[in-house]
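*Asks:* One letter stands for each residue in the lines below.
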Amino acid sequence: MLVYILRRLVAAFFILIGASFIVYILLTYAGDPLEFTRAIGNPTQRAAAQRSVNEALNLDTPRVVRYLLWLQDLIFSLDARERFGLSARTQLPVWDDLTGRMLMTLKLVSAATFASIFIGVSVGIVSALRQYSGFDYLVTFVTFVFFSVPVFWVAVILKSWGGINFNDWLRDGAHFSVEFIVAAAVLAAVVGYSIAGGRVPRKLLFGVGAAAGLAGLLAWMSSVGWMLNPGVGPIVFALIAIGIAVAVTAVMAGWRNVKARNSALTAAVVGIALYYPLQGVLDGDLSVWRVLGLGLVSALVGVVIGYAWGGYDKGQSARTAAIVALLCSVVVFVDRAMQSWAEYSASPVIRNRPIKTIGDRENRLEGSFWVITDNTFSHLILPTMALMLISLASYTRYSRASMLEVLNQDYIRTARAKGLTERTVVVRHGFRNAMIPLATIVAFDIGGILGGAVVTETVFEWNAMGSMFIEGLRNNDPNPVMAFFVVIATFAIVFNLIADIVYAVLDPRIRIGA
Amino acid sequence: MTLIETPEHTPGTTPIGDETTAEQQEVVGLSQSQIVRRRFIRHKGAMISLFVLFGVVVLAATSIGWGPIPGWWRWDYTTLVPPTDIQKPTLSIRPSWLGGDGLRWGEHPFGLDNQNGKDMFAMTMRGVQTSLTVIVVLGVMATVIGVVIGSLSGYYGKWTDAVLMRFTDVILVIPLLIITAVAGFALGFSGIWPVAIALGLFTWTGLARLVRAEFLALREREFVDAARVANAPDRRIIFKHILPNTVGTIVVSTTLLMGGGILTEAALGFLGFGVRPPEVSLGTLVNAYQGAYSTRPYLFLWPGVFVIVIVLCLQFIGDGLRDAFDPRQKRIPKRKDLERDADQQRIRAEAAEDDISVRSPTIGGTGP
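If you read the protein sequences in the order shown, they are chains A and B. For the first sequence, my numbering assigns the number 10 to the initial residue and increments by one for each residue that follows. For the second sequence, my numbering assigns the number 141 to the initial residue and increments by one for each residue that follows.
Just chain A, same shape as in the assembly (with noise of 0.2 Å):
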């Protein structure tokens, strides 16, 4: 395994070295880096700002030997501010401004990345499980029309439309038309119809009751005007816990297990007794790593309470009622955040139009830690919805393939057999092998992370590492490019080996470097 390790590491410094050779020679064909240059009108600033281009890049050498050159600087440099070169146009450190851009691009794409995971492997699981059913249809169909947009057009529609008719929308009280209350009960009944298993009156009471239920909740959020002012409220969110931990137990444990049935319960329980008490916490001084810091104490509170409740299986009851106590403190922190909604939307800076489509966030607001995180939710927002698009559709499709070549297989056949409930074949033999396949592409999706999002970048205006790249090559300016293609070129190829690393890993039947 070492010596595979090893000797892919090796093969991919190779290729990188071959693939940032290719790049470079294209890029000193694409411009002259003095183009800039010859507009100075004084002689004297001009002579000195192309010698000191010249310096920079080395354009008195020939092209192989300025290459070699900035390599022996991206390789040997000491000083981590030297690696990347000068940018022509600016004189200064490419390097200066890379981790921020880095960590920019992070933050866009990682919220678009895990969601679009989350939601497309729910959806090709349930596709698969229902094949040939209106929604598997639905979705095949969907998938096929998500693949063939483009990102920009449809960055472009979503920017004109969240940011004027959306917000206008939300300026006219946030009402819900007659049209599209019908439309979402519509689609909420076929849908409905269509995953509900077992015999026609109940698939027709599952999509009649997720129609009308639907339609209520759109009918009673237009009528209190809920977008304007949002929030769950002690309530609502006790019947949220309670929701989390049925459904959370009866897929990760079998509603009959009454020990994860009452860990799970106990965590939801505990929640709702802490509603109260944590308002006043998350009041106080907060930062990103605090919230983490309680999210993580909440899930060992969970641990806890599954390992209490104890019984033959101490490990599920801890993993579920983990999980609940989890689900649970996301949706306290969702609730704060959006009790400050109104609070930010309010605030001079923004002027009642929170969806905003330009840039990253707004630096003049001030405001508490939850008025900060409302604001960077509403920049975050449109962007993510466009670079969902792609991921979703394809983590869908393989999803789905994945779950029905697994269901095919004659184990699933022997677990049905032996009398398994159909949960623990699903989810246990079913669920687990087709997410084999499905966590390399995961890491061979974050490998591309970075070098992503350059097109949505460009439309929401987001200064990361995108535009690097872009204002590089329009600038004719070398060293960001390069550094831009440097960075997502070792992202790419070391996820890659991760990749295959973590194949071998969960799948026995491969077998690495033998």
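Hints are computed from structural coordinates only; laboratory data are not their basis. It is possible that some hints are incorrect.
[As the list claims (entries may be wrong)] Covered stretches of chain B, as calculated for chain A (at least 3 residues, CB under 8 Å):
| # | region |
| --- | --- |
| 1 | 305–319 |
| 2 | 405–411 |
| 3 | 426–434 |
| 4 | 440–452 |
[As the list claims (entries may be wrong)] Just so you have them, the derived chain B footprint on chain A, three or more residues with Cβ under 8 Å:
| # | region |
| --- | --- |
| 5 | 26–36 |
| 6 | 142–156 |
| 7 | 462–475 |
| 8 | 488–497 |
[Claimed, not checked] For the chain B half of the interface with chain A, some residues (derived, Cβ under 7 Å), not all of them:
| # | residue |
| --- | --- |
| 9 | Phe191 |
| 10 | Val322 |
| 11 | Ala323 |
| 12 | Ala326 |
| 13 | Gln455 |
Just so it is clear, CB atoms sit at the ideal spot from N, CA and C, and this is done for glycine as well.
Mind docking chain B on chain A? Use the hints.
*Replies:* Same frame as chain A, but now just chain B:
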């Protein structure tokens, strides 16, 4: 007289004891290409997409004219249109009894950009022509390069394979959007050709890997051994024995590549790294009019719609081709067919049982 007569084979029925499935009976006596063609024609989505794509090609080629083809539309993408009062699209499909204007084509069906004096229909059609150029150039180049590299690497193995596959890895690690943007700059971009060639030069990697995998598998098969024993030269084995068996993979993957290529070209145009004015691509159109959402959304909606239609068609065609070439592919029988087959089988089984019990009680049950 035999004890149990084999029933005459009539279409649509399943003889008793016949182990072949309905699927196998359908393809009896057909060549491989006939089977594939039949399966493809039966794929509704793919056939509809084929017609739609054909319609788009005809519309784009004849409306404003393309090379030697004369155009019937009065404006071209370069002509300056005199400003008029009506800027809104004149295209209407809503009948008059629903409050619309009836079926009407009008002066400027996709609207008019009064500031620059451009007819949006002519512009969009030019953009579609650009996308179609990309499809053709990219399809030919990616197929040729991918198949040559993949087959050499898969057939000869050893250091040929090592060198070619490392080269493929090198190209693969550079994101397509980035390498084509840089290469488009390096090739100098006055029109669509440099962009299309740049796309063609760097999209073959996935195809090469697939072809290599197919060659690795097919190389070990008996018919290749037989050809080798018969002293066939490498060239003949590659072209006559292996390559025809990889056609399915190549065709499917090229179709999907073309869709991706159009999206990449449009994205390049949008970022300003693709074609330059006065040349037009669907991406540059969206970029140019992206600020017009609240007042004149039709200016950038139509180009986007055409990208979606073309890529969606290619996706469905690719899906249909995959199903058609996949030998394991089974058609899901309709419930009606299954019930009819089951009915007939039951009737025949009962009839046969009666026959057996009357005529030969000793041998009953041993079928053919």
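*Asks:* Does each hint hold? Answer for all of them.
*Replies:* Okay, the hints, checked on the actual structure:
1. Counting residues of the region 305–319 of chain B whose beta carbon lies closer than 8 Å to any beta carbon of chain A gives 11, which reaches the threshold of three, so the coverage claim holds.
2. Taking a C-beta to C-beta cut-off of 8 Å, the region 405–411 of chain B contributes 4 residues in contact with chain A, enough for the three needed, and the coverage statement holds.
3. Evaluation of the coverage hint for the region 426–434 of chain B: fulfilled, as 5 residues show C-beta separations to chain A shorter than 8 Å, against a requirement of three.
4. Check on the region 440–452 of chain B: 7 of its residues sit with their Cβ under 8 Å from a Cβ of chain A, so the three-residue criterion for coverage holds.
5. Three residues within the 8 Å Cβ limit are the bar, and the region 26–36 of chain A against chain B gives 6, so the coverage statement holds.
6. Beta-carbon proximity to chain B at under 8 Å applies to 3 residues in the region 142–156 of chain A; the threshold of 3 is reached and the given coverage holds.
7. Counting residues of the region 462–475 of chain A whose beta carbon lies closer than 8 Å to any beta carbon of chain B gives 4, which meets the minimum of three for the stated coverage.
8. Look at the region 488–497 of chain A against chain B: 4 of its residues bring a Cβ nearer than 8 Å to a Cβ of that chain, three or more, so the hint holds.
9. At a threshold of 7 Å, the smallest CB-CB gap from B:Phe191 to chain A is about 17 Å, leaving the interface hint violated.
10. With a least beta-carbon distance of about 5 Å to chain A, the hint placing B:Val322 at the interface is held under the 7 Å criterion.
11. Checking B:Ala323 against chain A by beta carbon gives a least distance of about 6 Å; that is within 7 Å, so the hint holds.
12. Checking B:Ala326 against chain A: minimum C-beta separation of about 4 Å stays under 7 Å; hint holds.
13. Taking 7 Å as the C-beta contact cut-off toward chain A, the hint placing B:Gln455 at the interface holds, the least distance being around 5 Å.
When each numbered hint is compared with the structure, a violation occurs for hint 9 only.
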